[in-house]
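Chains as they are written, first to last, in our numbering: chain D, 1 to 328; chain V, 329 to 656; chain S, 657 to 999; chain E, 1000 to 1342.
Hints were generated in silico from the structure; no laboratory data involved. Everything numeric in this text was worked out from a predicted model, so none of it was measured. One or more of the hints may lead you astray.
Label pairs and their computed distance ranges (CB to CB) [what the hints assert, rightly or not]:
{"id": "1", "chain 1": "S", "residue 1": "Ser-908", "chain 2": "E", "residue 2": "Arg-1018", "range": "28 to 36 angstroms"}
{"id": "2", "chain 1": "S", "residue 1": "Leu-711", "chain 2": "V", "residue 2": "Gly-555", "range": "42 to 50 angstroms"}
{"id": "3", "chain 1": "V", "residue 1": "Glu-331", "chain 2": "S", "residue 2": "Gly-755", "range": "47 to 55 angstroms"}
{"id": "4", "chain 1": "V", "residue 1": "Glu-331", "chain 2": "S", "residue 2": "Leu-711", "range": "28 to 36 angstroms"}
{"id": "5", "chain 1": "V", "residue 1": "Gly-582", "chain 2": "D", "residue 2": "Gln-312", "range": "30 to 38 angstroms"}
{"id": "6", "chain 1": "V", "residue 1": "Glu-331", "chain 2": "S", "residue 2": "Glu-983", "range": "20 to 28 angstroms"}
{"id": "7", "chain 1": "S", "residue 1": "Ile-937", "chain 2": "E", "residue 2": "Ser-1249", "range": "55 to 63 angstroms"}
{"id": "8", "chain 1": "E", "residue 1": "Ser-1249", "chain 2": "V", "residue 2": "Pro-330", "range": "43 to 51 angstroms"}
{"id": "9", "chain 1": "V", "residue 1": "Tyr-516", "chain 2": "D", "residue 2": "Lys-178", "range": "54 to 62 angstroms"}
{"id": "10", "chain 1": "E", "residue 1": "Lys-1284", "chain 2": "D", "residue 2": "Gln-312", "range": "40 to 48 angstroms"}
{"id": "11", "chain 1": "E", "residue 1": "Glu-1298", "chain 2": "V", "residue 2": "Ser-350", "range": "52 to 60 angstroms"}
{"id": "12", "chain 1": "E", "residue 1": "Asn-1242", "chain 2": "V", "residue 2": "Glu-510", "range": "41 to 49 angstroms"}
{"id": "13", "chain 1": "D", "residue 1": "Lys-180", "chain 2": "V", "residue 2": "Tyr-656", "range": "58 to 66 angstroms"}
Where a beta carbon is used, it is the ideal one built from N, C-alpha and C, also for glycine.
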Amino acid sequence: MPEITFRQAIHDALVEEMRRDSSVFLIGEDIGTYGGAFGVTAGILDEFGRDRVWETPISEETIVGSAVGAAIVGMKPIAEIMFMDFLTLVLDPLANQAAKVRYMFGGKATVPMVVRMPSGSGTGAAAHHSQSLETILMHIPGLKVVAPSTPYDAKGLLLSAIRDPNPVCFVEHKLLYKTKGEVPNGEYTIPLGVADIKREGTDLTIVTSEIMVHKSLSAAEDVSKEGISVEILDPRTLLPLDVDTITNSVMKTGRLLVVHEAVKTAGWAGEIMASVSESPAWDYLDAPMRRLTGKDVPIPYNRFLERAAVPQEEDIVREIQAIVSNQY
Amino acid sequence: MPEITFRQAIHDALVEEMRRDSSVFLIGEDIGTYGGAFGVTAGILDEFGRDRVWETPISEETIVGSAVGAAIVGMKPIAEIMFMDFLTLVLDPLANQAAKVRYMFGGKATVPMVVRMPSGSGTGAAAHHSQSLETILMHIPGLKVVAPSTPYDAKGLLLSAIRDPNPVCFVEHKLLYKTKGEVPNGEYTIPLGVADIKREGTDLTIVTSEIMVHKSLSAAEDVSKEGISVEILDPRTLLPLDVDTITNSVMKTGRLLVVHEAVKTAGWAGEIMASVSESPAWDYLDAPMRRLTGKDVPIPYNRFLERAAVPQEEDIVREIQAIVSNQY
Amino acid sequence: MGSNKINAAYDNEETTDARKKAAELGLTNEDLVSMYEVMVEIRHFEEMATTLYGLGKVHGTMHLSIGQEAVAAGAGFTLQDKDYLINHHRGHGHFIASGADVNKMMAEFLGKETGFCHGRGGSMHIADVTANNLGAQGIVAAQIAMAPGVGIAIKMRKTDQVALVIFGDGAANRGVFLESLNMSSIWDLPVVYLCENNHYGMSAEVGRVSGKVPFKDRAEALGIPGYFIDGNDVLAVYEFMKNAFSHARSGSGPVFVETETYRILGHSKSDRNLYRTKDEINQWKEKDPIIRFRDLLLEADIITVKQVDEIEKKMAKVIEDAVEFAENSPEPNIEDVMEWVYA
Amino acid sequence: MGSNKINAAYDNEETTDARKKAAELGLTNEDLVSMYEVMVEIRHFEEMATTLYGLGKVHGTMHLSIGQEAVAAGAGFTLQDKDYLINHHRGHGHFIASGADVNKMMAEFLGKETGFCHGRGGSMHIADVTANNLGAQGIVAAQIAMAPGVGIAIKMRKTDQVALVIFGDGAANRGVFLESLNMSSIWDLPVVYLCENNHYGMSAEVGRVSGKVPFKDRAEALGIPGYFIDGNDVLAVYEFMKNAFSHARSGSGPVFVETETYRILGHSKSDRNLYRTKDEINQWKEKDPIIRFRDLLLEADIITVKQVDEIEKKMAKVIEDAVEFAENSPEPNIEDVMEWVYA
Ligand SMILES: Cc1ncc(C[n+]2csc(CCOP(=O)(O)OP(=O)(O)O)c2C)c(N)n1
Ligand SMILES: Cc1ncc(C[n+]2csc(CCOP(=O)(O)OP(=O)(O)O)c2C)c(N)n1
Ligand SMILES: [Mg+2]
Ligand SMILES: [Mg+2]
């Protein structure tokens, strides 16, 4: 299989689906000649023209509002919000319209749309361009939330997201864009709501996503030298969560660590723990459930502070060791 | 002590603080002659005039943005957002400005402001006027979140909120406005970040807030006849959480149930469970931690459906019985 | 302090001769009578709504448009079946005028399973998407943000549809007003923006909370033709909307119009009307658009006093039947509370 | 398609004679020279920024205003110490022109503990609240929403301060533009809205994404006087801002002005300039506001060629010193990462 970047995988999914389905269109800022702030849509305007690539003013609320309007009448809009931090500007069309009209209208409306949002820290962009706000989206029934960690997952999940009849938020961690991975030629889809075990293990389950999957994989590799066997579970879809795969893994390992970049308080680690607590896996727990998350701070500009604000590989190693040795 | 309504308690706190401190002012829609959608500010315009009561156009984002601007230069604005559902419109000034400027500016800015938001279902107002979105606010470092359940708490906490140098979101469940309780004459404050045990018990700790405190108290009364002794813990401040009081209670009872009206997935029950899991209380747990929450739906209009969408007293009773008897 | 009361001249001419205007507009007498009927039907629907509310049969709020029926009828008669309607909280009139079944509306109002939204939406959220009625939003101006997307869909499909988006004077102060009109403007989208100025957004008098009124300059400043017309003159509204629709339909881009009318009743059930005088309300009651149109039709001998009475009775019956239908309809099943969150 | 390139006549008169204009404005020759110095200082600061970036000493992004220095200088010289500045992401120039210490700016740019924000904010978020510099927001137009609140504070305290809020052409298409101007308008708040039109919002040419340009009609439609002026003519900017400030200071309410200028460099470091031609950039390079002002001063014998050289060297040194200060400053302590979340 050819190796391509995460960026390319998303790009390819967009292009292939736009070729296949003429109701798919892109809407957002600087997605034409500029190719989007992260270059994901480069070249698409050239192939499809302004009738399929609606390059907007800086008007986030109306970009997503328009996507809802177009979706209700049967189009399949894909909106790009340049940074996930601007979720604050589009939460009304997302949470109050996209997520609710189907229910409010007694099943009469369908809202097949995707909102792409680059997330996360690590680029020195400071507090307004670095947040991981996926937990907020998970708290809105009616939405789906997808957060891939590999090029393979990104492409397969994005195709499913575009074809899904519901509004789907598609979270793209910025640091992943340049990462590479194998992606088959041609079409394939990955169903939404299905987790993936990125590494099998027997001593501890780490539930994690996006860039933290990679940091966790490295940490797992490190501790394997000490004989600790870590299972890494990537939900891939955060809403709906694949609770069964999570609880099965915890039943096998008896220990749970949730790792996310989002800030700690009210972050989605709590949701994973609540799900386990309510499940048969509770009785299999050999240690308290733990989380390792972003600190409760805005993302600082200084590179060392920025690094300190979110979990790093060495933090994950330390946390794994602590849990497995019952020292926390 | 005189009995007054929850509405009156909030009204009194506003008026008393406006008399005491000339930098306190109100800003919001229909807060003048109309008295606000729920009558909380009735009469305040008459006493203080338009210089202290800024009655705005329908411009939520700029209402809260303006509160941030005024607070940074030393005023103490109290903004009213007519329904908490409109949080979707003000999340940018709240989460990206109010909560972050102090940190972003290296401690140079202070943002002493309050945003009042009536929350919750039960009035037949349907999906756009019934949400409980406090969990979203808890996920924003830099904010404080207060959610009182009684007139006494409401007044004492609101005075502290106004005097706090940080941006405070003050959540007022609509069904509480007409409830009555004892409130002392004259000034008193309740510190932010301190939970209150609303009922002592030994078999199970219920952590709950706002209207659910009352439903839980009734449920506790019911099951007390079966000899089940329930402790009801009201955090009162949801951010920062009083984790110590929570874990101490769980260490005493060995069982935890979190009850909230907010929808289940990624709701703050998970945060309570994560905090307990990370604490010494973990070792005292005699049963899995459980939650009883709003269902993962938008609030429906029909009164029976609306009732079914959020926890009711009988649901709490059932859940208490299940946990205590180890049948879930 | 801005307190610029609306006093700009109307952009349109007052209808003084119904026959003459009808001829200009290509309307038959029957058309005029059915316009009148619809206005009466809306009035009866909403009067019944207050009655039911008074009887405690409604759990929830409602926003009535009594006094504003001419806007609804004028717009509703212009809208073709293929066109899209994007509505707001005060939407009964527009739905009825665009042909919605009052039985299903009443059932929805009472929260019944047979309602347009199976009782999930209620008065504020009536929708019938399969009939191109895209529903009503309860977040003021949210529907304005949705409108360009509907325009984009029409443009991409190259049909000759139009999207009509309705909102109040209060909504024109929400930021999305600028964003939406600007977007429709740069892309020449087929969107007609209808601002129903009933003088108040809840308790806020339009002139007190708006830097400048009427709003047409806001549209013009975004490159969109803007108009201010008399919203209590149903034929004037119809005439204007007809032109606006053909402008939009022909690919000439969006149009903005503000129709001046008045909300006779309170904003919603919690309104105690403290922010305005009885006098003001009474003055506007005298400009009742239904009576005005009736008198015009009587004067032109298009309708007789007897017919007027018959229409009154007929519409009272239609609404009573709707109530009967609604009351005899089942409540939704509680077990189905989670249905329709996802497709 | 809207592609209304800006071609409206300027609201102000071009400065052709520096002495004459200075006399009108009550400026001494020294004032003019120090205005020039500031423009040169800004240019050097930003050229150094690109150099440091090129050397890999900066982790993060930055937004440079090379070519736009006349707006910054004209506005900065008008702003009094008591006035408030509310800024946006492309803010180096405004900060320097309003008197900010370039050492602390450079240190912030390098993320050092001695920076204005102790390295927490970086280039995009420089602030000095105690000096009434209320900081820069990275969310486009967020600062516009904050401005009425600052105006309210001033009005409540009955001081004669003014709030100056700066934003770009792109920001004028965000909804809060309407909300903020409307609010300032109804309450006659002392806010000066300065829209720095540098022709692009990232890659979006202002005419392509704006229903109508210039934007002054948007302000007028909200009851606020609106102007469009040449932003590369520093004395014209100064003259205009002086009038605007005294208008606002005297209680006459807000003013809106759009200054036409041009962003010579890319939007940020990721910009490959694919959306515009080299020709266009070169044409604007010829209108460089610093050279234009220099030539005007030379022509009027207010400055000599030798002085020009000296200023060049002096400012190069000031910036080199700032870099030295910044480079010798410590990094923040990692243990303090949680500091300043709460007061
Ligand atoms: C964003 C938002 N703000 C406030 C409200 C509360 N509210 C509902 S209707 C209304 C007044 C709307 O005024 P207008 O747009 O003129 O419509 P009208 O009610 O007069 O028909 C208000 C303030 C809301 N539903 N949504
Ligand atoms: C709300 C928001 N949308 C998009 C962005 C990304 N962005 C940063 S600056 C910018 C362009 C702003 O254009 P303009 O207001 O003209 O200011 P300029 O950069 O030209 O000075 C964009 C799109 C942002 N930071 N915030
Ligand atoms: Mg109105
Ligand atoms: Mg610009």
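Comparing the hints with the structure gives:
1. At roughly 52 angstroms, the beta-carbon separation of S/Ser-908 and E/Arg-1018 lies outside the given 28 to 36 angstroms, and the hint is violated.
2. For S/Leu-711 paired with V/Gly-555, a C-beta distance near 45 angstroms keeps the hint of 42 to 50 angstroms intact.
3. Look at V/Glu-331 against S/Gly-755: about 53 angstroms separates their beta carbons, and that is inside 47 to 55 angstroms.
4. Remark: the range hint 28 to 36 angstroms for V/Glu-331 to S/Leu-711 is upheld by a beta-carbon distance near 32 angstroms.
5. Range check, V/Gly-582 to D/Gln-312: about 36 angstroms between beta-carbon atoms, so the 30 to 38 angstroms window is met.
6. Checked against the given bound of 20 to 28 angstroms, the beta carbons of V/Glu-331 and S/Glu-983, roughly 40 angstroms apart, lie outside it.
7. A C-beta distance of roughly 40 angstroms is found between S/Ile-937 and E/Ser-1249, which places it outside the suggested range of 55 to 63 angstroms.
8. A C-beta distance of roughly 49 angstroms is found between E/Ser-1249 and V/Pro-330, which places it inside the suggested range of 43 to 51 angstroms.
9. Checked against the hint of 54 to 62 angstroms, the C-beta distance between V/Tyr-516 and D/Lys-178 comes to roughly 58 angstroms, which is consistent with it.
10. E/Lys-1284 and D/Gln-312 have their C-beta atoms about 45 angstroms apart, which keeps the hinted 40 to 48 angstroms range intact.
11. One distance hint, 52 to 60 angstroms for the beta-carbon pair E/Glu-1298 and V/Ser-350, holds here, with the actual separation near 54 angstroms.
12. The hint said 41 to 49 angstroms for the Cβ distance between E/Asn-1242 and V/Glu-510, and at roughly 60 angstroms that hint is violated.
13. For the pair D/Lys-180 and V/Tyr-656, the supplied restraint of 58 to 66 angstroms is violated, since their beta-carbon distance comes to about 46 angstroms.
Comparing the model with each earlier hint shows violations of hints 1, 6, 7, 12 and 13; every other hint is respected.
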